[in-house]
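Student: With the hints as a guide, dock the two chains, each given alone in a separate frame, to form the complex.
Going line by line, the protein sequences match chains G and X.
If you want this note's numbering, it's the position in the first sequence, counting the first as 1, plus 3.
If you want this note's numbering, it's the position in the second sequence, counting the first as 1, plus 2.
These are calculated hints, taken from the structure and not from any lab test.
Built from N, CA and C at the ideal position, the CB exists for glycine as well.
Hints should not be assumed to be uniformly reliable.
[Unchecked claim] Restraint ranges, calculated between C-beta atoms of paired labels, are given here:
no.	chain 1	residue 1	chain 2	residue 2	range
1	X	128	G	78	26 to 34 Å
2	G	83	X	4	22 to 30 Å
3	G	94	X	172	35 to 43 Å
4	X	177	G	125	23 to 31 Å
5	G	77	X	140	27 to 35 Å
6	X	31	G	166	38 to 46 Å
7	G	124	X	182	31 to 39 Å
8	X	138	G	61	19 to 27 Å
9	G	184	X	90	51 to 59 Å
Here is what each chain is made of, one letter per residue.
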Amino acid sequence: MTGGRLHPFTLLAIAGALPALAWILPAPRGGAATAAVLTAAPFWLFLLLLHDVPTTIAIGLRITTMVASFVWLVAALQPARLVEAMVAAGWSASVAYLLAATLSAVPVLKARARRIVDAQRCRGLSPRGGIAARLRALRALALPLVLSALHEVDERALALETRGLVPGIRRTPLAPPPDPAVEQAARWALLLACLFALFRRFL
Amino acid sequence: MSIRLLALIPVAAAISLALSAVVDAVALPLFLDTTGTILATALAGPTVGVATGVVTSAVNTLRNPTFWPFVVVQIIVALYAWVAARAGLFRSFRTAVPAGLGLGVIASVTSTPISYLVFGCTTTGGIALTTALGKALGLPPLGACFFGSFVSDFGDKAVTFALVTSVLHALPRRTAARFPWALRAIGAA
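Isolated chain X, as found in the complex (with noise of 0.2 Å):
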């Protein structure tokens, strides 16, 4: 792995929990916590993706421990983001947030067990709230942690997905190609 690509991992993984602040101040439902992840892989590609999911959960894991068992999804959102780049998925809205649509899907159904098995589907509020309605909605329990797991991703990627896309055809074409998959990603190459 080269310098450049090294330097990247943790810059990425410190924009997936920066973004807290921004949607703090927009009051979205959304997380963005993988944005990182999967800006990191559209530019250099699955290893520096998964390293960056995997720096990303570590780091948060030291401000709260009930991150860690989901390092899982960062892994799976590096490698489906990875599918998406090689398809160039990141030239416009119109592919990429389908493409996020369907990656709120995968990490939905990826999520679901470990946050039924290990933390009862109380990961955080906001699924917890929308798992409670799954439960008034007569859902069994592992289908109420579906909802509520569903109804947080599906959106949240969608967004990341656009919002990286934007990012890329954001950057100077000469930035962009000094990292190997960025160009491709946006179907330039």
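Next up, chain G with everything else stripped away, as it sits in the complex (with noise of 0.2 Å):
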């Protein structure tokens, strides 16, 4: 059995420290909750199919504690207090830009995505019938909405310049994220204790 080698203390820790915490911790709101069920429910239904009853519990487990702790980081997570603190860190501002400037992008294309497909319908195009009729679609659908992007990556690019987005310089964050040394440690130990697991695991 997994952990038969832990020394008998730290098994009585890991099984007390979880449940512990499961209950301490704030329990998710009904957003967040529902999202990780939604997420998780096709993978145990898809691995019922193809794996039998014990290897399907132990892959969707897995799964579902993925699928639950990123819900919650993005339900807690603010894009602009991550920029802040990445920039503090030290991190490039470049960096820090990607992530926020992608985040705020997918929205916004989708949503011209939307208008193209209804205009295009306005126009007589017909998203259905053969594989062929389909893929000229696409072709129709697809090729304004990323030229358009492409035609934004100027206009981006001197709004950047404009914001000493350049390169190699330093900023310096407003307000950064208070980063007690407490939860320093906190972070370190939850990294050591996963490299630990997986020496232990491997080797």
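Tutor: Quick look at the structure:
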């Protein structure tokens, strides 16, 4: 059984800490919990289709843990605070810009894609029929979207230059989130715990 | 890296993620989630392409964390697209589509071990169903997993290469000339 080589006290500590944290930490709000369940549910269905029950439970629990942790992260993390924290930690402002700009550009382009679909339908484009017809429709819908997005690159470059986001120049964060020593120690402890588990598992 | 190339990365990553709305409209079994990576590489070279692939995976991960392990596939796609751009394979559909089919094979070979070991081959509904079909055909588990990935990636990457070729040829020459690799990718330089 996995974990059998660990010291009995370690086993007791892990078994005690996990349920304790599950009860002590605030329960997820409805939206995040629903999102986690809806994201993880199809995996369980497909796992059951492809594997036996023990394998389904083993892989399904791992995937559910992965999904739940990221859904919680997205619900709790404010992109603006992340950018400030990255700049304060000495990361290049360009890296922070890449994440923040992509996060804000995706909904804008998706909305534009829906408008293009509606506009092309008004002009008589049918996205139905055989594969060749659908591929032609795909080209007629995707091309305006991609070209219009590429034409924005110059505007964005000009805006970045105006704001002084030139590579190699350090910026000063306006309101960096406080980073207490306890949280820093906790982060290192988590990283070391993962490395230790990896070492014990494979070596 | 120049400011223009820096500004290209989030735009290209957002293109990859926003094309799902177009794919939904035509109801084809495609992802097109590497379009931005291939386009950025063909326009601006491997560094911008790899950065676009990594940013695409990172942002996609916030929507669905199962995408993160596949960041390796995005990097390989960018490197392959760079080789294709250097060879001018985006000059026509006749050269781009076979190059896309080749990428489909490489992408499925790369994604199969990740999908098999981490997710038990259940990354998306379509892949899970084709994997189940492979299993029903008597393939071993890893073979069925490769079959699922191959069926989805083979056509997807060919269509993606064709779409990027269309975009590169539709770009005005003056706009294309502002990006270091665009003209070479379409065989015009």
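Student: Now look at each hint and say whether the structure bears it out.
Tutor: Against the structure, the hints come out as follows:
Roughly 28 Å separates the CB atoms of residue 128(X) and residue 78(G), a value that falls within the hinted 26 to 34 Å. Remark: the range hint 22 to 30 Å for residue 83(G) to residue 4(X) is upheld by a beta-carbon distance near 26 Å. A beta carbon spacing of about 36 Å between residue 94(G) and residue 172(X) agrees with the range 35 to 43 Å that was offered as a hint. The hinted window of 23 to 31 Å between residue 177(X) and residue 125(G) holds, with their beta carbons roughly 28 Å apart.
Remark: the range hint 27 to 35 Å for residue 77(G) to residue 140(X) is contradicted by a beta-carbon distance near 41 Å. Against the hinted window of 38 to 46 Å, the Cβ-Cβ separation of residue 31(X) and residue 166(G) comes to about 42 Å, which satisfies the hint. Between residue 124(G) and residue 182(X) the Cβ separation comes to about 38 Å, which falls inside the hinted range of 31 to 39 Å. Distance hint check for residue 138(X) and residue 61(G): the Cβ-Cβ separation is about 23 Å, which falls inside the suggested range of 19 to 27 Å.
Between residue 184(G) and residue 90(X), the C-beta spacing of about 56 Å keeps the proposed range 51 to 59 Å intact.
When held up to the earlier numbered hints, the structure conflicts with hint 5 and nothing else.
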